[in-house]
Amino acid sequence: MIFHPWVIGMITGDFIILFLILLGMVNAGIINKSWDFEQSTPLQYKLEKKTYLVSAIMNFTMGIQIALLLLFVIAADEISAVLPGAMCATGTLSSNSFGFPLLFLKLFLAFLSFFWLIINYIDNQRENYPLIREKYQLLIILAPLYLLQTILTFLFVSDLDPSVITSCCGVVFDEQQETIGGFLADMETAISLPILVGLYLLIVVKNNLFLKRSWREKMPFIDILLWLSILGLGLATIINFASIYIYEMPNHRCPFCLLQKEYYYLGIPIYLSLFLGVATGISKNITLRLEYLFKPDDQIQGFSRKLNKVSLISISLFLVFAFAPFVLYFIKTGSKL
Amino acid sequence: MEKLKVNWLDKKLNVIDFAFQSLLRHKTKNGLIFLIFLVIISIISSIFFITGSLTKELMSTSKSLPDITIQKIQGGRQVVIEDSYLSSIEKMPGVESVEPRLWGYFYFNELKANFTIYGMDLNTLEADEYTKIDQQQVQSPNPDYDMIVGTGVYRLLKEVFMEQNFIFNQSNWEQEIACRIIGTFKAETQLQTNDLMIMQVEGARKVLEIPESTYTDFAVYIPNPEEVQNIAIKINRLYPELRTVTKKNIETTYRSVFNWRSGFVLSGLLISILAFLVIIWDKASGLGNEEKKEIGILKAIGWDTDMVLSVKLYEGFFISSFACFGGIISAYIFVYIFKAPGLKHIFIGWSSVYPDFDLIPFFDFNYLLLIFILTVIPYCTAILFPAWKVAITDPDVAMRNIN
Amino acid sequence: MKESLIVLKRITKIYNEGKLNEVVSVNDISLDIKKNEMVVLKGPSGSGKTTLIAMMGCLLKPTSGEITIMGKSVSKLPEKFMNQFKLQYFGFIFQSFQLIPELSVSDNVELPLYPLGIKPAKRREMSLKLLERFDLKQRQNFKIKELSGGEQQRVAIIRAIINQPQILLADEPTAHLDSELSQSYLEYMKALKDSGLSVIIASHDPRVCEFSEVDRVIEIKDGQLKL
Chain A
1 MIFHPWVIGM ITGDFIILFL ILLGMVNAGI INKSWDFEQS TPLQYKLEKK
51 TYLVSAIMNF TMGIQIALLL LFVIAADEIS AVLPGAMCAT GTLSSNSFGF
101 PLLFLKLFLA FLSFFWLIIN YIDNQRENYP LIREKYQLLI ILAPLYLLQT
151 ILTFLFVSDL DPSVITSCCG VVFDEQQETI GGFLADMETA ISLPILVGLY
201 LLIVVKNNLF LKRSWREKMP FIDILLWLSI LGLGLATIIN FASIYIYEMP
251 NHRCPFCLLQ KEYYYLGIPI YLSLFLGVAT GISKNITLRL EYLFKPDDQI
301 QGFSRKLNKV SLISISLFLV FAFAPFVLYF IKTGSKL
Chain B
1 MEKLKVNWLD KKLNVIDFAF QSLLRHKTKN GLIFLIFLVI ISIISSIFFI
51 TGSLTKELMS TSKSLPDITI QKIQGGRQVV IEDSYLSSIE KMPGVESVEP
101 RLWGYFYFNE LKANFTIYGM DLNTLEADEY TKIDQQQVQS PNPDYDMIVG
151 TGVYRLLKEV FMEQNFIFNQ SNWEQEIACR IIGTFKAETQ LQTNDLMIMQ
201 VEGARKVLEI PESTYTDFAV YIPNPEEVQN IAIKINRLYP ELRTVTKKNI
251 ETTYRSVFNW RSGFVLSGLL ISILAFLVII WDKASGLGNE EKKEIGILKA
301 IGWDTDMVLS VKLYEGFFIS SFACFGGIIS AYIFVYIFKA PGLKHIFIGW
351 SSVYPDFDLI PFFDFNYLLL IFILTVIPYC TAILFPAWKV AITDPDVAMR
401 NIN
Chain C
1 MKESLIVLKR ITKIYNEGKL NEVVSVNDIS LDIKKNEMVV LKGPSGSGKT
51 TLIAMMGCLL KPTSGEITIM GKSVSKLPEK FMNQFKLQYF GFIFQSFQLI
101 PELSVSDNVE LPLYPLGIKP AKRREMSLKL LERFDLKQRQ NFKIKELSGG
151 EQQRVAIIRA IINQPQILLA DEPTAHLDSE LSQSYLEYMK ALKDSGLSVI
201 IASHDPRVCE FSEVDRVIEI KDGQLKL
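Residue numbers (the working numbering), protein chains in the order written: chain A, 1 to 337; chain B, 1 to 403; chain C, 1 to 227.
FYI, nobody ran anything at the bench for these hints, they're computed from the structure.
Please note: incorrect hints may appear among the correct ones.
Cut-off 20 Å, straight-line C-alpha distance, at most; resulting in silico cross-link-like pairs (PhoX-like, lysine-lysine) [what the hints assert, rightly or not]:
1. B/K292 - B/K72
2. B/K293 - A/K49
3. A/K50 - C/K145
4. C/K145 - B/K292
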């Protein structure tokens, strides 16, 4: 199994990311150890220069992490062809106990890296880099998670066994099953959809650009919770609602098949809009929390406003994409599945 | 004192503009890197194209494979299977039909070639399924020994002047068997039919020395794909001496072989990429004086480290991306227009029977991403640190040079 | 009284501090340059005037002391912010011009505009205007190595002023020029001063020091002000 080209791609990518993160972490540690902004010593100048390296590394890593996330899903799909019982990525991921945890870890790391980059950007706007210690400490915490990602990838890949039968999405997301997959599939759309729309409206109204700023800024923690709920419900909706109408089959509830060519890669805008919306929505709150460092600096307020706008547009697009298949199906056939 | 308002998008475009210009300015140095990388990438891409085409061809031909192939195993080896099994398997629910098959291999010493012999009733063949050959000159022996051969076989037989009448003989036979060749198979999936000789059942039996009432294997056809696995298990339980091979087993095995082979070659190539990148890193780290001076000047007139770093990274990105793009196109041309000489045989093996057959063009965007991750990303990673080292050049270097 | 432009307070620059090859290039210098002044830093080579002018132009950070430019303390600024400063207010002319030889004239003079996010069409417009003013328009596509010394000198000046700075710094501008070119150079400096710029020149050339338009000559010797 190890010599499958997609497996090689996954391992290569993970190693590259690990290498970069370690490089970043080492430099972050060096910087944190001796950083003293007040000093004008050659050492301090050297450390300042190192900050550029760490920024560049993290920006690059973020890009790779997203690419690898996509690669992971595609690889799982391609590998399914040689695993008995698997017909798409779901089969591959459920063939051993590392598949889904690895997927969630990759997603989690992508989000964390995004947040780190936001913090980094904010810190760099201020001449004295007020957050430098904290942000590099965060990086040092992030590094072991990337190591975990590489280890999990290895375990996942070496555990892939073409002689063991695995289940397909029809089974994993079968509403009769008592698993998480089954739970997601079984969720009563009559309840979950209105809740999703309700949360969406709540977020939009709360963060409406035309309201006074003070309303928008209140309750950042609640805001974050709202966004996380939207993320969870959004994913559930993709599985138990949107996918049915994309595949036009009531029992095909796979969250991965819609990323394939035969469904016109519809999954990409759907997932992209959801993730971008949630990521920017949460980042906006992080930015607001850090605003105390910058009053009265317009640049940061402008930034949080931009994030807000992007998050609202993105999540609106997500709802459009998620409901569109249903609407189209309804128009076409006049009934629902 | 107002803060400088700079449109970040315009600034980014300027950076990209400068990076591109900078690449074109150092044509020889960059051209060499570009070329080497392009060659490596085109080899990788060729592998993917070939594998993809073979898989595609496999998938299209496997449609005609039986859902289950039943063989009899004795002492760990395949033996002939009695036709007494037929009725009970035919009766199983879900089974549409069971076809007993008679076939085997014959090694022809003079040509050092292995032929596949398949027995069937030639009269059932449609006229357009094979090309008839004019047979007036040859005496008309037993029609039981008429045969139709694949074009590759025909080509070979012509070399030994046996294209009209083929003589089967083994050292332990009392008498040789002469077979009249009455036609050749049209080559559609050349890979499949090229070493094939189709004879009447009785003739095949004699040549392959298969006793009466026995066959090589059974082909079972099952209309509902979901039931295949179950029926295979049932047959196994009923008759432990029989081995069942499902269509998916065969597909999976072939895929695995292709994957294994391509993965193996890929690993080798990755090592060469790694070596290439180590050299690149080293090269990029050692700054030429001219380059150092240029960066110093840029820093002195107001370019900051971020910007210089971006320029260097974009340079690397452009070189590797263009090499990637060019490599993929070259590979496409190499594989589908020049038929991939040499490389193809790693996958399909060498045999005097196989002529140049055309690979079905295969293209998938997923593989684009894979190639990108295996080439452009490692390259940009390799130049990241050296680019940074260059970008932090102090602006006073510009002044220092003259002192 | 004229407004202060650049204020140096007890500026010191030490290279290789603490090591065997330690060099004190600038030692405890305090200066106050006013707006629209033409100042010459006079001193022999090795006196530290190049280092001093580099620090004034934000090309180098001092080891100790404070530099205030237009009221803002810049000595501790990280590079990014320092550069924003540089791009807005400074123009620098180097001793050997330091132009990029493989680039054309217009490409060279437009370089300071890239980080300002100025689009290519506008960049071209700005560079052509200045090239015309300095009578170099017909040379715009020539490579630097194809130009004469006098032409390169003008290109260096244009590059230094294309971002419409308020302060122009020049390091030994007449070092490689004959008397005619030196004179025309000084004429350019005069014209720039007349248009509102402050000009600071580091030089030991007597023609520069005795130029009529110079408001002040500050003598530097061995890294210190010679009073």
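These are the hints, each one checked on the structure:
Pair hint B/K292 plus B/K72 does not hold up; C-alpha atoms about 75 Å apart against a cutoff of 20 Å. Between B/K293 and A/K49, the direct Cα distance comes to roughly 19 Å. Compliance with the 20 Å bound is thereby established for this hinted pair. Between A/K50 and C/K145, the direct Cα distance comes to roughly 36 Å. Violation of the 20 Å bound is thereby established for this hinted pair. For the hint linking C/K145 to B/K292, the alpha-carbon distance of about 18 Å falls within 20 Å, and the restraint holds.
Of the numbered hints given earlier, the model fails hints 1, 3; all others are met.
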